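Colleague: Protein chains in written order, with the working numbering: chain A, 504 to 618; chain B, 6 to 119.
None of these hints come from the bench; they were simulated from the model. Because the structure is a prediction, the values reported are computed rather than measured. One thing to keep in mind: the hints can contain errors.
To give a feel for the contact side, a few chain A residues facing chain B, derived at Cβ under 10 Å [to be verified]:
1. 540
2. 565
3. 586
4. 590
5. 594
6. 596
Every residue, glycine too, gets a C-beta built ideally from N, C-alpha and C.
Next come the chains, spelled out residue by residue.
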Amino acid sequence: AQKVTQAQTEISVVEKEDVTLDCVYETRDTTYYLFWYKQPPSGELVFLIRRNSFDEQNEISGRYSWNFQKSTSSFNFTITASQVVDSAVYFCALSEAQYGNKLVFGAGTILRVKS
Amino acid sequence: DGGITQSPKYLFRKEGQNVTLSCEQNLNHDAMYWYRQDPGQGLRLIYYSQIVNDFQKGDIAEGYSVSREKKESFPLTVTSAQKNPTAFYLCASSMVGGRGNEQFFGPGTRLTVL
Numbered sequence: 504a505q506k507v508t509q510a511q512t513e514i515s516v517v518e519k520e521d522v523t524l525d526c527v528y529e530t531r532d533t534t535y536y537l538f539w540y541k542q543p544p545s546g547e548l549v550f551l552i553r554r555n556s557f558d559e560q561n562e563i564s565g566r567y568s569w570n571f572q573k574s575t576s577s578f579n580f581t582i583t584a585s586q587v588v589d590s591a592v593y594f595c596a597l598s599e600a601q602y603g604n605k606l607v608f609g610a611g612t613i614l615r616v617k618s
Numbered sequence: 006d007g008g009i010t011q012s013p014k015y016l017f018r019k020e021g022q023n024v025t026l027s028c029e030q031n032l033n034h035d036a037m038y039w040y041r042q043d044p045g046q047g048l049r050l051i052y053y054s055q056i057v058n059d060f061q062k063g064d065i066a067e068g069y070s071v072s073r074e075k076k077e078s079f080p081l082t083v084t085s086a087q088k089n090p091t092a093f094y095l096c097a098s099s100m101v102g103g104r105g106n107e108q109f110f111g112p113g114t115r116l117t118v119l
């Protein structure tokens, strides 16, 4: 069965602090894809990154970085030097090759960055 | 600009009434999806469609219906059979013919049953 767990319901940090959002997944498929989406207060989900199961290279994009570890079934997301504009709900999601592009989402982590 | 539009942004319904939420996309995507979001539960899939005139139930399809008569449009009807319809509804679309295609989301419709 496919499942995504985001154990952190809510995180509060002060601006310029680094913060890591955890994501743990379960799947029986050997080919799968992991995603992170950001949902700002406006409500629309914004795509951040996609990773396939055969590519464990970490990725950095500006202040954002992602750590994918198959050994622990984790796909964690770190924001460096957080800013108030980073305040949002962040979702981790999983799709398995056998189910096409269907996504299974975690419950989301609310990130509050205070100035 | 290419994107997904949902209307209305806010919708109020009396108990026992059916209501239809609109979703239109001009991204030329074949696949479209409807999700429901409740506080603390993430997004759950209601229905999805990978081609015109075809759609499949997702994880929580009871009390909902959809149609896909045009590639650009995927309206969702919340029927009176849906026991707890108050929620935030998100529509999405994606390419098919590949794997792991990211989904693009609309701005959502917040439905409140009075």
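Colleague: Now tell me, hint by hint, if it's right for this structure.
Modeller: Hint-by-hint comparison with the structure:
no.: 1; hint: 540; result: holds, 8 Å
no.: 2; hint: 565; result: violated, 19 Å
no.: 3; hint: 586; result: violated, 23 Å
no.: 4; hint: 590; result: violated, 17 Å
no.: 5; hint: 594; result: holds, 6 Å
no.: 6; hint: 596; result: holds, 8 Å
Checked against the numbered hints listed earlier, the structure breaks hints 2, 3, 4; every other hint is satisfied.
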